[in-house]
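Student: Model the placement of chains B and C on the given structure of chain A, informed by the hints.
Each chain is listed here by its residues.
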Amino acid sequence: MFRPTLAASALALLVATPALADNPVPEGTTLAEDQTFTFWLLDAIKSMDPQINTDVEGSDVLRQLFEGLYSEDADGSLVPGVATDHEVSEDQTTYTFTLRDDATWSNGDPVTAQDFVYAWRRLADPATASEYAWYMELMQVVNAPEVISGDMEPEELGVRAVDDHTFEVQIATPLPYFPQMVVHASTFPVHQATIEEYGDNWTRPENMVGNGAYVLDEHILGERVEMSQSETYWDAENVVLTNLTALTINDVNQGLTRYLAGELDRVDVPAGQFPRLKEEYPEQATSTPYSCSYIYMLNVGDSGPEVLNDVRVRKALAYGIDRDIIVDRILQGGQEPSYNWTHWATAGFEAPETEWSTMSQEDRMAEAQALMEEAGYGPDNPVELTLNYNTSEDHKRIAIAASQMLKPLGFDITLNNMEWKVHTDRMQAQDFEMARYAWCGDYNEASTYLDLFTSYSGHNNGEFFNEEYDAVMKESKTAEDPLPMYQEAERILAEEMPILPIYHYAQVDMVKPDIRGLPTENVMQTWYAKDMYRVAE
Amino acid sequence: MLSYTLKRLALAIPTLLILIIVSFVLMHAAPGGPFTSERELPPEVLANLNAKYGLDQPLWRQIATYVWGILTEFDFGPSFVYKDRTVNEIIAQGFPVTLTYGAISFVVAVLVGVTLGTVAAIRQNTILDYFAVGVSIGAQVLPNFVMAPILVLVFTLWLGWLPGGGWQGGQWEYIVLPVVALSTSFMASIARITRSSMLETLNLNHVRTARAKGLPERRVILRHALKPAMLPVISYLGPAFVAMITGSVVVDVYFSTGGIGKAFVDSALNRDYAVMMGVTILMGALTILFNLVVDILYGWIDPKIRY
Amino acid sequence: MVANQHKMEALADRLSEEDPVAGRSLWADARRRFFANRAAVAGLGILLVVALFAAFGGLIAQWSNEELDYAVMGAIATEGAPSLSNGHYFGTDDLGRDLFARTVQGTQVSLMVGLVGALVAVVVGTIYGATAGYVGGRVDSVMMRAVDILMAIPYMFVLILILVMYGRSMTALFVGLGLISWLEMSRIVRGQTLSLKNREFIEAARATGVPAVTIIRRHVVPNLLGVIAVYATLLVPLMILTESFISFLGLGVQEPLTSLGALISEGAGTIAYGTIWQLGFPLLFFCLTLFGFFFVGDGLRDALDPKDR
Chain A
1 MFRPTLAASA LALLVATPAL ADNPVPEGTT LAEDQTFTFW LLDAIKSMDP
51 QINTDVEGSD VLRQLFEGLY SEDADGSLVP GVATDHEVSE DQTTYTFTLR
101 DDATWSNGDP VTAQDFVYAW RRLADPATAS EYAWYMELMQ VVNAPEVISG
151 DMEPEELGVR AVDDHTFEVQ IATPLPYFPQ MVVHASTFPV HQATIEEYGD
201 NWTRPENMVG NGAYVLDEHI LGERVEMSQS ETYWDAENVV LTNLTALTIN
251 DVNQGLTRYL AGELDRVDVP AGQFPRLKEE YPEQATSTPY SCSYIYMLNV
301 GDSGPEVLND VRVRKALAYG IDRDIIVDRI LQGGQEPSYN WTHWATAGFE
351 APETEWSTMS QEDRMAEAQA LMEEAGYGPD NPVELTLNYN TSEDHKRIAI
401 AASQMLKPLG FDITLNNMEW KVHTDRMQAQ DFEMARYAWC GDYNEASTYL
451 DLFTSYSGHN NGEFFNEEYD AVMKESKTAE DPLPMYQEAE RILAEEMPIL
501 PIYHYAQVDM VKPDIRGLPT ENVMQTWYAK DMYRVAE
Chain B
1 MLSYTLKRLA LAIPTLLILI IVSFVLMHAA PGGPFTSERE LPPEVLANLN
51 AKYGLDQPLW RQIATYVWGI LTEFDFGPSF VYKDRTVNEI IAQGFPVTLT
101 YGAISFVVAV LVGVTLGTVA AIRQNTILDY FAVGVSIGAQ VLPNFVMAPI
151 LVLVFTLWLG WLPGGGWQGG QWEYIVLPVV ALSTSFMASI ARITRSSMLE
201 TLNLNHVRTA RAKGLPERRV ILRHALKPAM LPVISYLGPA FVAMITGSVV
251 VDVYFSTGGI GKAFVDSALN RDYAVMMGVT ILMGALTILF NLVVDILYGW
301 IDPKIRY
Chain C
1 MVANQHKMEA LADRLSEEDP VAGRSLWADA RRRFFANRAA VAGLGILLVV
51 ALFAAFGGLI AQWSNEELDY AVMGAIATEG APSLSNGHYF GTDDLGRDLF
101 ARTVQGTQVS LMVGLVGALV AVVVGTIYGA TAGYVGGRVD SVMMRAVDIL
151 MAIPYMFVLI LILVMYGRSM TALFVGLGLI SWLEMSRIVR GQTLSLKNRE
201 FIEAARATGV PAVTIIRRHV VPNLLGVIAV YATLLVPLMI LTESFISFLG
251 LGVQEPLTSL GALISEGAGT IAYGTIWQLG FPLLFFCLTL FGFFFVGDGL
301 RDALDPKDR
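Line by line, the protein sequences are chains A, B and C.
Position 478 of the first sequence, counting from 1, maps to 478 under our numbering, and the rest follow consecutively.
Position 72 of the second sequence, counting from 1, maps to 72 under our numbering, and the rest follow consecutively.
Position 298 of the third sequence, counting from 1, maps to 298 under our numbering, and the rest follow consecutively.
Just so you know, the hints here were simulated from the structure itself, not pulled from any lab data.
A hint or two may mislead.
From the derived model, a few chain A residues whose C-beta atoms are all more than 12 Å from chain C [said to hold, decoys possible]: (1) I330; (2) W344; (3) L385.
Straight-line C-alpha distance at most 20 Å; calculated EDC-like pairs for lysine to aspartate or glutamate [what the hints assert, rightly or not]: (4) A/K278 with A/D328; (5) B/K7 with C/D140; (6) A/K407 with C/E255; (7) B/K83 with A/E197; (8) A/K396 with A/D324; (9) A/K396 with A/E367; (10) A/K396 with C/D69; (11) B/K52 with B/D75; (12) B/K83 with A/D60; (13) B/K83 with A/D217; (14) A/K407 with A/E475; (15) B/K83 with A/D200.
Bear in mind that the values here come from a model prediction, so they are computed numbers and not experimental data.
All residues carry an ideal CB built from backbone N, CA and C; glycine is no exception.
Next comes chain A alone, as it looks inside the complex (with noise of 0.2 Å):
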């Protein structure tokens, strides 16, 4: 799919969108009498606090209970929030949002600039430890690594309210995609005198105020969360679905049952299931492209085994996976093989044609045969690695089918389930051979991807480190049109083979067949109750 670039679509909206929203239904459409939704989590919601949750999960109910300065539409372009507009200076780096005057928080007070300010400050504050104060430094905003690192006083991050409805940022180099980074759930803003009142107690139901469509009514930890329309949000005559319901349930097929018994209106189908489905419920089977990314890493570094150092056998490694028969036969649910790094649905990202891309994977395995032979393996010297993963069905499937696959070629591969904390530690240590990862855009923009690679990144477990590689990006952050840049890091990655690239993530849902409104095109993801509504069958 082709998008234009992203930072010309978003301001292009921007100017074309009148600051009023509109009625998300339809004329002539009758909407049923029952207005309420119910969806699935998988797990408990770990916080509702804007600056310290940290799941994808826990976004999705946030975005119901507050506003932050742009939302986005079913399509994924920005969409006007608390802020209907913003002006960039010349030199791109000072962004001014203008705020609506008719946003007010749950109790009563208006949402003003102050707001914004105090909540990105408490981001970054350390006093708040937040497992997301980095986003700040992902933004670019001023001083935001000095303030993180307790060097600087909150009050020097570089945000500012002009006045009640002007807010400010100062970020410290161009950032041509900043504006679709503030949909973010960590920079919603949040009401400083109940936090002040409460402590850390303040997201609860009875305290909790917030700007969004819907208000808290219950949070009962590992069973539900319970969800109605704010009287005060500033577009309520437009909300339609009255109540919001989520379900934790820990066991995805568990979930499946309970929503063909009605229980629910949304599910993820479990990996394999969705063929099926599909046929026996055509109109509530859906899959869409979903911005994240599935791959083995490699360790590299001096840590990593002395055999992945010999870039043939990380291209044979690569070669040698049919990802055709994983994502058509483990996963069959829209999942697009990769062989890049970049989700390939991504804004204004279109992967480079590489050596290997094009091939058949007949050619790939030849291919890969000769890269071994070269490097003097096989099946009478095989080479033996470790493939650590964490603990999922899918990804115990998807491990054991690789493995398989492999073996010909004459790897012989110890599959290593971890549970998670043990996993993501012993990356974080570079103590892996063959590592399963994941990574899901944070913006919707190819550098969330491309950074990771980068030396001086902090996610980079594998240690890969490529002085081209770092040029590339860098020079990425300045330049009008950065694609070819994307896709200069993308033919590096490909060329050193740092990561075996598996699968593109596909958002594979049940939803009842009278729900309107959920993202089509939107490769985040995100969706907002406030655009929905159930439609009379």
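Tutor: Frame of chain A, contents of chains B and C only:
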């Protein structure tokens, strides 16, 4: 008996203390911490978090602070992962749930099990007996993680009689399936134990005498045979209790009841030290207490035992 | 953990009352009684079948336990059903691996986990209990206090921690399972040792200067063999059950190895998807194994303790 009880209770204190120390050390020795996350934290933030939760202190000091908090204020600390909850609140929310379905399961298992076992023993070698034995043997080896999805499939998806999960403040229809899933294997064990011990008891002299005297069968069973036949059942209750705690994990996972069993496993996997400690201590204390009750009950029924 | 503690104690009492010389006839009697017990013999038969299946099933399997059958992969519900023609006697799992071969291999692991776990429990429990009982005095009370304390620890927690900490290896599983179940064994052994200690033949041995270790090994342990045998037989199925729970939590043995518990847990997850054989066959062998051990254990106990009938 009182001095025995007091002695046992006194022993509970060092037991719990050792439990705390052992779990603390084991937990901290495990790789990964509560703040290990896919997005590796900058050292500054990690330092802040550790400072906030006192993890930068030496281990002995953490233990001391922790124990002190419990002793002085009954405060088990804040959860490291669920940041707007304290451990006390998490337990206060989850424990009543577990206690409700656990206690009901326990009562159901004992009542149904004892009845089934007794009936089978009285009607030994009849169809009824074979049926009871067959059912209880089958149920005893069927793991509850097999039973739970089958129950949901049948009663929720196919028949549509009962909800497939949730708790909703403990309305009866939400309790039925968890109780069935949890109690069945214990019921089966109790039925088997009751049957064999009832058979033995019915052969004892005083029971034979009572029967010979022409007392009505019902009276013989209830007055003379049931009480001694209960001894093995009672000694089984202690282990059954511990096994039920384990079983509650399965119930919580499959039925999303929000109970303490799931909180326990989650806390171990999440390295939520505080919640894990709190639940462990609670479970340890309950186990001690329950075993004491069982022992006292045992002594009350069996006069041969002296303390 | 062992269900019938009461009976175990009764049995232990009875066995330690036996005169060590007359013990020979006790065993002969027991064997006769055991083989007269139909359930016990049936249990033994079942175990034999399961053992044969585990040992030689691999010979008739047409697939290995890790090969992927690309012909059925991706359409398991329709193509992966049990079939003689493609050699998948028990059907395949979701990846197209042969369930027959996997059940054979899972049975091996489950049996091994059960047997080794029980062995660890019995060895540790016997040594610990015999030592405490024989030495007596303060050592005894300290050692038994320790047992009391350990018994109050929710054992799943220890097991989860061990598996999480030391990675997921077979050794960790054996040790973990064994270590949580020796406590009761040690109590029973200690009780018996205490009562044996004052018997004439042991006092005589002590008077002639036989070292304590030898006395325990020569005189105390042999007198406990009956209890140990029964206890161990009943412990095996409980180990297998516990392992299945561990597998359910996702902390079991590493792929491509599997266990009956892991197979069942996988099969139970997918029962709604028309692949019932994935649950059925492993569950059959799981139940057979447990039945076998329960019957044999009960039979052994009844045979050794005739007054119990």
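Student: Take the hints in turn and mark each one as holding or not.
Tutor: Evaluated hints:
Consistency note on A/I330: stated as away from chain C, yet its beta-carbon is not over 12 Å from all of that chain's, at 7 Å minimum. Remark: the non-interface label on A/W344 is consistent with the geometry, its nearest Cβ contact in chain C lying 22 Å away (cut-off 12 Å). Taking the minimum C-beta to C-beta distance to chain C, about 15 Å, the non-interface status of A/L385 holds against the 12 Å cut. Taking the CA atoms of A/K278 and A/D328, the gap is about 14 Å. The hint holds against a cut of 20 Å.
In summary, the hint linking B/K7 to C/D140 is supported, as the alpha carbons are separated by about 17 Å, within the 20 Å threshold. At roughly 15 Å between alpha-carbon atoms, A/K407 and C/E255 fall within 20 Å of each other, so this suggested pair holds. Our distance criterion of 20 Å between C-alpha atoms is met by B/K83 and A/E197, whose separation comes to about 16 Å. About 17 Å separates the Cα atoms of A/K396 and A/D324, which keeps this hinted pair within 20 Å; it holds.
At roughly 27 Å between alpha-carbon atoms, A/K396 and A/E367 are farther apart than 20 Å, so this suggested pair is violated. Straight-line distance between C-alpha atoms of A/K396 and C/D69 comes to about 17 Å, which keeps the hinted pair within the 20 Å bound. Note on B/K52 and B/D75: the hinted pairing holds, with a Cα-Cα distance of about 16 Å set against a maximum of 20 Å. Pair hint B/K83 plus A/D60 holds up; C-alpha atoms about 18 Å apart against a cutoff of 20 Å.
Pair hint B/K83 plus A/D217 holds up; C-alpha atoms about 18 Å apart against a cutoff of 20 Å. Straight-line distance between C-alpha atoms of A/K407 and A/E475 comes to about 41 Å, which puts the hinted pair past the 20 Å bound. In summary, the hint linking B/K83 to A/D200 is supported, as the alpha carbons are separated by about 7 Å, within the 20 Å threshold.
Taken one by one, the earlier hints fail for this structure at numbers 1, 9, 14, listed in ascending order.
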